[in-house]
Amino acid sequence: NAGVTQTPKFRVLKTGQSMTLLCAQDMNHEYMYWYRQDPGMGLRLIHYSVGEGTTAKGEVPDGYNVSRLKKQNFLLGLESAAPSQTSVYFCASSYRNPGTDTQYFGPGTRLTVL
Amino acid sequence: QQQVKQSPQSLIVQKGGISIINCAYENTAFDYFPWYQQFPGKGPALLIAIRPDVSEKKEGRFTISFNKSAKQFSSHIMDSQPGDSATYFCAATNSGYALNFGKGTSLLVTP
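Sequence lines, in order, name chains P and F. So the first sequence is numbered by my numbering: it starts at 1 and just counts up by one. So the second sequence is numbered by my numbering: it starts at 115 and just counts up by one.
Since the hints were made in silico from the structure, they are not lab data. Accuracy of the hints is not assured; some may be wrong.
[Said to hold, decoys possible] Result set (DSSO-like, lysine-lysine): computed pairs, CA atoms no more than 30 Å apart in a straight line:
#	chain 1	residue 1	chain 2	residue 2
1	F	K156	P	K14
2	F	K217	P	K9
3	F	K129	F	K119
4	P	K9	F	K156
Extracted from the complex, chain P is given alone in its bound form:
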């Protein structure tokens, strides 16, 4: 099993550009998450999904959109990138809610917005 994979690993954008980050998991997990990690801020939840076709806002959703058209994939979109979105983005998944099952993280995507 590959576990949780993220594409791309690195990306540099100019302000105003758009992009999509792809997360894929091969563990048949129902729950998927997008976090951002900034120095001294820990991991903050952007959006999450509790099953195919569902999405919901987390702690810091502004400026991001998500889609979960297939159970194994969770896409994070930035429609108009801003320097404040420079961060490391982590995708995670779990079979059920994280109080019951382990949350597995991907390797991260380092995004720089100039």
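Use these hints to put chain F onto chain P, whose structure you have.
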């Protein structure tokens, strides 16, 4: 607001010493408290977790202690090794949709 408060922000321990990281929470509905370990350039990985019905849990050199009345929990890494150098996150959840993470502790174990 930050639902889980973690300290210290950074920690330097000599090889063989004990690394201690503390976390506190306010939400009494939290019922699951995992610890994650993150090496540079990698995603976090679950290290150990505890539930409120247990006051202490040990796995190898890693121990979690839980104080329900004080709403605090802490991790101890015994006989710390340079390979333990990483960022550690405590977290909490009420079995809801997501984990609430602390801000992390950067641990450096010197030879």
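Evaluation of the provided hints:
1. F/K156 to P/K14: With a Cα-Cα distance of about 25 Å, the restraint between F/K156 and P/K14 holds, given a limit of 30 Å.
2. F/K217 to P/K9: holds, 23 Å
3. F/K129 to F/K119: Cα-Cα ~27 Å, so holds.
4. P/K9 to F/K156: Roughly 11 Å separates the two Cα atoms, so the pair holds.
The structure meets every hint from the earlier list without exception.
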